[in-house]
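Engineer: Next come the chains, spelled out residue by residue.
There are 4 protein chains.
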Amino acid sequence: MSFNEFGHLFRVTTWGESHGPALGATVDGCPPRVPLEPEMIQRWLDRRRPGQSRYTTQRQEPDRVEILSGVFEGQTTGTPIQLLINNMDQRSKDYSEIAEKFRPGHADITYWQKYGIRDYRGGGRSSARETAARVAAGGVAREVIGSLVPGASITGYMVRMGPHAIDRRRFDRSEIERNPFWTPDAVAADRWSDYLDGLRKAGNSTGAVIEIVGSGFPAGLGAPIYAKLDAELAAAMMSINAVKGVEIGDGMAASDLTGEDNADEISMGPDGPVFSSNHAGGILGGISTGQDIVVRFAVKPTSSILRPRGTITRSGDETVITTKGRHDPCVGIRAVPVGEAMMACVMLDHLLLCRGQIGEIGAGGIG
Amino acid sequence: MSFNEFGHLFRVTTWGESHGPALGATVDGCPPRVPLEPEMIQRWLDRRRPGQSRYTTQRQEPDRVEILSGVFEGQTTGTPIQLLINNMDQRSKDYSEIAEKFRPGHADITYWQKYGIRDYRGGGRSSARETAARVAAGGVAREVIGSLVPGASITGYMVRMGPHAIDRRRFDRSEIERNPFWTPDAVAADRWSDYLDGLRKAGNSTGAVIEIVGSGFPAGLGAPIYAKLDAELAAAMMSINAVKGVEIGDGMAASDLTGEDNADEISMGPDGPVFSSNHAGGILGGISTGQDIVVRFAVKPTSSILRPRGTITRSGDETVITTKGRHDPCVGIRAVPVGEAMMACVMLDHLLLCRGQIGEIGAGGIG
Amino acid sequence: MSFNEFGHLFRVTTWGESHGPALGATVDGCPPRVPLEPEMIQRWLDRRRPGQSRYTTQRQEPDRVEILSGVFEGQTTGTPIQLLINNMDQRSKDYSEIAEKFRPGHADITYWQKYGIRDYRGGGRSSARETAARVAAGGVAREVIGSLVPGASITGYMVRMGPHAIDRRRFDRSEIERNPFWTPDAVAADRWSDYLDGLRKAGNSTGAVIEIVGSGFPAGLGAPIYAKLDAELAAAMMSINAVKGVEIGDGMAASDLTGEDNADEISMGPDGPVFSSNHAGGILGGISTGQDIVVRFAVKPTSSILRPRGTITRSGDETVITTKGRHDPCVGIRAVPVGEAMMACVMLDHLLLCRGQIGEIGAGGIG
Amino acid sequence: MSFNEFGHLFRVTTWGESHGPALGATVDGCPPRVPLEPEMIQRWLDRRRPGQSRYTTQRQEPDRVEILSGVFEGQTTGTPIQLLINNMDQRSKDYSEIAEKFRPGHADITYWQKYGIRDYRGGGRSSARETAARVAAGGVAREVIGSLVPGASITGYMVRMGPHAIDRRRFDRSEIERNPFWTPDAVAADRWSDYLDGLRKAGNSTGAVIEIVGSGFPAGLGAPIYAKLDAELAAAMMSINAVKGVEIGDGMAASDLTGEDNADEISMGPDGPVFSSNHAGGILGGISTGQDIVVRFAVKPTSSILRPRGTITRSGDETVITTKGRHDPCVGIRAVPVGEAMMACVMLDHLLLCRGQIGEIGAGGIG
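The listed protein sequences derive, respectively, from chains A, W, C and P.
Mapping of the first sequence onto our numbering: residues 2 to 368, in sequence order.
Mapping of the second sequence onto our numbering: residues 2 to 368, in sequence order.
Mapping of the third sequence onto our numbering: residues 2 to 368, in sequence order.
Mapping of the fourth sequence onto our numbering: residues 2 to 368, in sequence order.
These are computed hints drawn from the structure, not numbers from a lab.
Ideal Cβ positions, reconstructed from N, Cα and C, are used throughout, including at glycine.
Hints are not guaranteed to be accurate.
Stated by the list, open to error - Residues on chain P that point at chain W, a partial pick, calculated with CB under 7 Å:
#, residue
1, Gln-83
2, Gly-117
3, Ile-118
4, Arg-126
Chain A on its own, in the form it takes in the complex (with noise of 0.2 Å):
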């Protein structure tokens, strides 16, 4: 796996910077003859798309996708997939505060510090903008998984903002998509959009969780050791920019319980096995066990504020930083569909691997 790429059999290799020309994903491995045409991505990145509410950065794109390769009258070829994103508004800017000076809570300095030069115009490659190309190439994976397993959805929603969590008992999934936060719970979208204007005016910003849920999938997806499912999911949204932390099932709660409480006990349903709750889940031994899969990861505040923070330039001389510009004030937001998208690049690359190395999914009947 090479640095800018995951997946063992589908694999995306994202490309492009902030305000190069384009940027985009190289989708290889893709299986033939599923029907694909550029709709069925673009739906995906205009939940990602900036500017949608006073919440996001309010950089105008519209990121039209284009399929350049690996489609013929309408339907995959199993070749790879080109998918190109071209930049739009590139507001010419003056980055040489930027250029100059490193943010703090940023990657500014540690590209500088490994590469010696990197494009600072909006970002350049450390841009949460990269995260586009791999909402394309979940759209990509979403339909394929679509054609295997018809069942299957992948549901994103948010969690927490800041020090306000949702009340779980509200939980209601078709809230999650009234409301600019992608929230199952509407008192807390209203109590966020207060806290996120105050920030927002505050020229502050503030960090999230994210929880994705991958249903309908079956067991025995993943694999010992270092493709547990859970250990690639981890990777895969801890690669996500800004995510600091990543828990599956109960998560960082785990270490609370004993283990009489967090044995997830079974019984006989009419279709398989059935778990009396899922504090797993739905991941046993890296190996899915056919519940939900339960993925949640935090999102750090953005780090390009308007308030003022103590930094150095490049020639080391102590300053201070406000950033200006169409910073998101809680970037978690537009993370939701991005989270979706890595689950689903994820998931298809594990039904492939699994019936590669055993020919069927879920080799093992029970009863």
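We have chain A; now place chains W, C and P onto it with these hints.
Structural biologist: Same frame as chain A, but now just chains W, C and P:
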């Protein structure tokens, strides 16, 4: 990367089952001319070895490592290093129950569902015994790191057991080696001792949280996008048995911060940039800053417990299981050296990747 | 390594079809701070470009390369480089015959058998047009090699066309650029010209042998066992369309030698070991010796010919096919710059791998 | 893919030195529930074993393979299979000459130049002994192939020794097992016997050409562009010690053909397409046609010979070397089972890759 392998240039494939004749690690890509003797690896295995206190499994395994290849006259040759650990204490016992019934919370059921066959003796491939091979490989990685970055160190310790967290004001690094829990808080060690005795007598178990800190590593390790240092560390830790959550720096709590609070301000020290804090856990944009690399992971409670739990048999019949045998009441204890080993492998891999791509580590000077 | 990708650290994924909107190469892992302008790549593409003599296809393609990412202010940044070449001359023609009938000797039938779908326009993914993307990637590799090993060079030329081999006593390197066949033997060029005119008029085609020589590369590149430099070169060359054989040094003729004759004797020169001969083609045990790296490959004749051949349709009906259109009577001619590009990619990849594992290239001093 | 590993899904890492305690192969990605006993592997090792005739090294090695993991109750489990072969005949001898002087034509000098250290005893890692591990892995691959494609077979034989080729009109498959050269031409076997006796007495050695044929494999294996079946086979064969050339089908002679002659015409048989000839060696566009897969490779003469050759020492002093010891006068003989093993590994890997990506092998029906 294949199923049981991790790393890009420094590659480790672990192999072996709990109750087979042996297990081990195949290490490919190791730099040549690094002094390596079995003792250098053995001391890390000794830390992980079972049966050293009443808080770990009473299985007696000397876990002696043999180097079968890749070392000549006390130095690595640059060719594959085969590390072999014979299994000694394969106590003959009656496995018929485990062979037939699935332990709730255990990989029993998913291995069966995936492969349609499994070596059920002692958990087979899904046993925590597999981690001995990781510790051995990590021992090799440590020696190479020592030759490349003399000041670097990797230290793990337990920061929480069940509901009981350490008090960081009592953090004393020298305490770590003095108690059976590898914890830097002597008061916590006492409390945990009581807590664990109670659980053990009740035939129950508990989860834990481990923290691993890498110090003295240079800035510039890691790479966008999927080879981000934090993504690789997350995968590495999540691939350890029973791990359900991984955090970098502030981890899940990053969600609660504002951008202002999260920004680790930068000033100029005598040897380069100095940060006012380390919310980032030493990684920005997936690349190391030169600060301490801070990773935490949660280990769920052992699923093999004496407490009766409802389950099913391979035939689909509902039943109850209580797991007798020599199981760890807190498998998190032995996860400490395993987490250290995984960090060692990841850090070395990225040291090699960085000099492969760039030729020097930390290309971009400041000041 | 995925289906359409090659390389370990310097990784190239080519994408695109003959008659799609564009094709290109995604290059990941390129070292940073190497000067790179489109013109540096374009000059290699211009060598491969069709329609430059009556001996290559008359399709008119400017083959202009665009750099969409990974370069900033004229230097590589270390992030993925996207190289895009738009297809211009997608002449509207009637593809119904090729869509239905399989050309003997062509990938038509195997693509169909494998995928159950194929872009039949102009050969789709199996078209020699794909090699334009390799030449572009090779252009990047050449610039990086130039920065790492200033004296290194890679030169390809044709040594045989059909039954007519060159006479090595007439080998004149300066002749290579003077004839349309890239051959160092001016007399052979004249003979081939007549031979090819005859075949072209007869609607037939011919095979050829190409030799690629890499000079000035250090000893120590390549590694046991599957990353042997010769194994990688063999794969690289065999992956070029229509190649059926690959030789290193004496190649197939090595079978005829005795050990005494085959041994390239070693003496000591002012700058290190000197060899009395180069039967080995510059590679021993899969690792470079510092001598010229010598690779040859045979290209079969173009399968798209006007001569009628028996075949079947997708429905299984037997029929006859004659392929009209703008095809190369000797596709080997344009394989010369492609072979050079593949060697450039392999050599760079191994320069990076070697310094990744060992830190310096050529660790073992002699004398 | 790392240095000592090959394969995508069925991955083999070989390890070990000629005179270390043991060598072996780590096999990851093997499908589960395939019957596997040591004897199934042993029979292939027995074919490669040295000391079976006066034409191979007289080193006495039983080459007994042990299965240390990945098999349970006589079936593969889908987890890594560790194959171990202990080295028995590590005859104590004086290695001081080989330790100091480089054998011309041998990897001695390049290992030294690359790594600055090498296990010189018996060639260390560069010894042909490494191929025992490949044969063991190939034995596993053969059993899996047998379970997936019952009619498939892989057969190797020698077609040329030194200047003496077989006469294909005398081709008799049953002859292969009857002579010490694995040749299908009984007359050639007699001639080679005399030829080799002469060389052996003169302290010299000779090269050879081996052909490997895979029969009964389905159409659709292999993939553009770098995972072409022929590219993979070329890499696999070129990675065998002493191999200098690889051919598919007509190989280097494809250069001499016209397009008309090279086209394997297609007609319709009762079970699908039938070809009038097999110039292509069963591969078009990198994908199998369903015909015999035909690969040939040339093995250079053993470089360890009694004839004196000029060389240098590690100190750079010029000297002469004659290599005493138990060396193969024609290492090509034992390369026959090795070439078979490599083809088995490649074919199985592509069977798994194909069903991974496509789900069925040979998706596109004809007729």
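Engineer: Now tell me, hint by hint, if it's right for this structure.
Structural biologist: Right, here's what the structure says about each hint:
| no. | hint | in the structure |
| --- | --- | --- |
| 1 | Gln-83 | 5 Å, holds |
| 2 | Gly-117 | 6 Å, holds |
| 3 | Ile-118 | 5 Å, holds |
| 4 | Arg-126 | 4 Å, holds |
Consistency with the previously given hints is maintained throughout, with no hint failing.
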